[in-house]
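Whole structure, please, built from the sequences with the hints as guidance.
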Amino acid sequence: MNYFAHALPFLDAPYLAAGVCVPDWLMVVDRRLRLRHRSVAPFLDDRSNEVAALARGVVQHLRDD
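According to our numbering, the sequence shown is numbered sequentially starting from 2.
You may find that some hints are simply not true.
Simulated DEER-style distance windows between Cβ atoms [unchecked claim]:
(1) R33 <-> D13: 29 to 39 Å
(2) H38 <-> A14: 12 to 22 Å
(3) V52 <-> D13: 10 to 20 Å
(4) P15 <-> R64: 17 to 27 Å
(5) D66 <-> L12: 13 to 23 Å
(6) H38 <-> P10: 18 to 28 Å
(7) N50 <-> P10: 13 to 23 Å
(8) L34 <-> D65: 17 to 27 Å
(9) L12 <-> V52: 12 to 22 Å
(10) N3 <-> R48: 25 to 35 Å
(11) A6 <-> L34: 18 to 28 Å
(12) E51 <-> P10: 17 to 27 Å
(13) D65 <-> V29: 12 to 22 Å
(14) R32 <-> A6: 14 to 24 Å
It should be emphasised that the hints constitute simulated quantities derived from the structure, not laboratory data. Note that beta-carbon positions come from the ideal geometry of N, C-alpha and C, so glycine has one too.
As structure tokens, then:
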């Protein structure tokens, strides 16, 4: 449910909402896997709006935690 709490404010922006969920979803797959800002940063200005929104969501999740 933690992922839903992160996504709730962004439900009007589906890619951003998915991005804030990604860190929690990845931990379900592999508990040792951690996303870091430095690995997401190159995608923040991606030409694809969807990719950039996903990256912004991941960064938002990292800020929230």
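Now the hints, each set against the structure:
no., hint, verdict
1, R33 <-> D13: 29 to 39 Å, "33 Å, holds"
2, H38 <-> A14: 12 to 22 Å, "20 Å, holds"
3, V52 <-> D13: 10 to 20 Å, "19 Å, holds"
4, P15 <-> R64: 17 to 27 Å, "20 Å, holds"
5, D66 <-> L12: 13 to 23 Å, "19 Å, holds"
6, H38 <-> P10: 18 to 28 Å, "20 Å, holds"
7, N50 <-> P10: 13 to 23 Å, "19 Å, holds"
8, L34 <-> D65: 17 to 27 Å, "18 Å, holds"
9, L12 <-> V52: 12 to 22 Å, "20 Å, holds"
10, N3 <-> R48: 25 to 35 Å, "31 Å, holds"
11, A6 <-> L34: 18 to 28 Å, "20 Å, holds"
12, E51 <-> P10: 17 to 27 Å, "19 Å, holds"
13, D65 <-> V29: 12 to 22 Å, "18 Å, holds"
14, R32 <-> A6: 14 to 24 Å, "19 Å, holds"
When held up to the earlier numbered hints, the structure conflicts with none and fits them all.
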